[in-house]
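Student: Numbering (my numbering), first residue to last: 461 to 585.
Warning: the hint list may mix true and false statements.
Stated by the list, open to error - Pairs of lysine-lysine residues, derived as BS3-like cross-links and limited to a Cα-Cα distance of at most 25 Å, are as follows:
1. Lys-572 / Lys-480
2. Lys-572 / Lys-478
3. Lys-463 / Lys-480
4. Lys-513 / Lys-478
5. Lys-557 / Lys-513
6. Lys-477 / Lys-572
7. Lys-585 / Lys-557
8. Lys-585 / Lys-558
9. Lys-480 / Lys-466
10. Lys-480 / Lys-513
11. Lys-572 / Lys-554
12. Lys-477 / Lys-513
13. Lys-572 / Lys-585
14. Lys-554 / Lys-585
15. Lys-572 / Lys-557
These are computed hints drawn from the structure, not numbers from a lab.
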Amino acid sequence: MFKDTKAFSGFSVNDLKKAKEFYSQTLGLEVSERPEGLELHIRGGTRIFVYPKPNHTPATFTILNFPVANVEQAVDRLTELGVRFEHYDQGSLKTDKKGIARGAGPDIAWFKDPAGNILSVLQEK
461 MFKDTKAFSG FSVNDLKKAK EFYSQTLGLE VSERPEGLEL HIRGGTRIFV
511 YPKPNHTPAT FTILNFPVAN VEQAVDRLTE LGVRFEHYDQ GSLKTDKKGI
561 ARGAGPDIAW FKDPAGNILS VLQEK
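Based on the sequences and whatever the hints tell you, model everything.
Tutor: Printed below as a string of structure tokens:
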């Protein structure tokens, strides 16, 4: 039934203006405005819908993962742009001083958008 459809994901934010600024200026994504919200354009034709929700609650899981060639360089660049990375020390999930988890799986660092949703940059091995 859905084999040939172009599905897309979406998530909510509490402030479209801040979201547009963050996703376009900080992360460098192409962002277009729609009457219902924003559309993020990801390479390969992927679209992600961002919609306002007055009673928005940030996602408690990673909503977007951005693969990068070098996670350390990506973290440094985003930090220069004012992005703050999350730090974890929970069982096997530990991050270094930059906020990068290394070891099992890809090297990955998590950060939040202005609405508190969790995003990541990751370097696949």
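Student: Each hint should be assessed against the structure and marked as holding or not.
Tutor: Each hint, compared with the structure:
At most 25 Å may separate the alpha-carbon atoms for a hinted pair to count; Lys-572 and Lys-480 meet this at roughly 14 Å. The suggested pairing of Lys-572 with Lys-478 holds, with an alpha-carbon distance near 13 Å, which does not exceed 25 Å. Simply put, Lys-463 and Lys-480 have alpha-carbon atoms about 31 Å apart, too far for the 25 Å limit, and the pair is violated. Restraint check: the Cα-Cα separation between Lys-513 and Lys-478 comes to about 13 Å, which is no more than 25 Å; the hinted pair holds.
The suggested pairing of Lys-557 with Lys-513 is violated, with an alpha-carbon distance near 34 Å, which exceeds 25 Å. At most 25 Å may separate the alpha-carbon atoms for a hinted pair to count; Lys-477 and Lys-572 meet this at roughly 16 Å. The suggested pairing of Lys-585 with Lys-557 holds, with an alpha-carbon distance near 21 Å, which does not exceed 25 Å. For the hint linking Lys-585 to Lys-558, the alpha-carbon distance of about 19 Å falls within 25 Å, and the restraint holds.
Simply put, Lys-480 and Lys-466 have alpha-carbon atoms about 23 Å apart, close enough for the 25 Å limit, and the pair holds. At roughly 15 Å between alpha-carbon atoms, Lys-480 and Lys-513 fall within 25 Å of each other, so this suggested pair holds. The suggested pairing of Lys-572 with Lys-554 holds, with an alpha-carbon distance near 17 Å, which does not exceed 25 Å. For the hint pairing Lys-477 with Lys-513, the CA-to-CA distance comes to about 13 Å; that is within 25 Å, so the pair holds.
Between Lys-572 and Lys-585 the alpha-carbon distance is near 24 Å, which keeps this suggested pair within the 25 Å criterion. Between Lys-554 and Lys-585 the alpha-carbon distance is near 18 Å, which keeps this suggested pair within the 25 Å criterion. A distance of roughly 17 Å separates the Cα atoms of Lys-572 and Lys-557; the hinted pair therefore holds under the 25 Å criterion.
The structure fails to meet hints 3, 5 from the earlier list, while all remaining hints are met.
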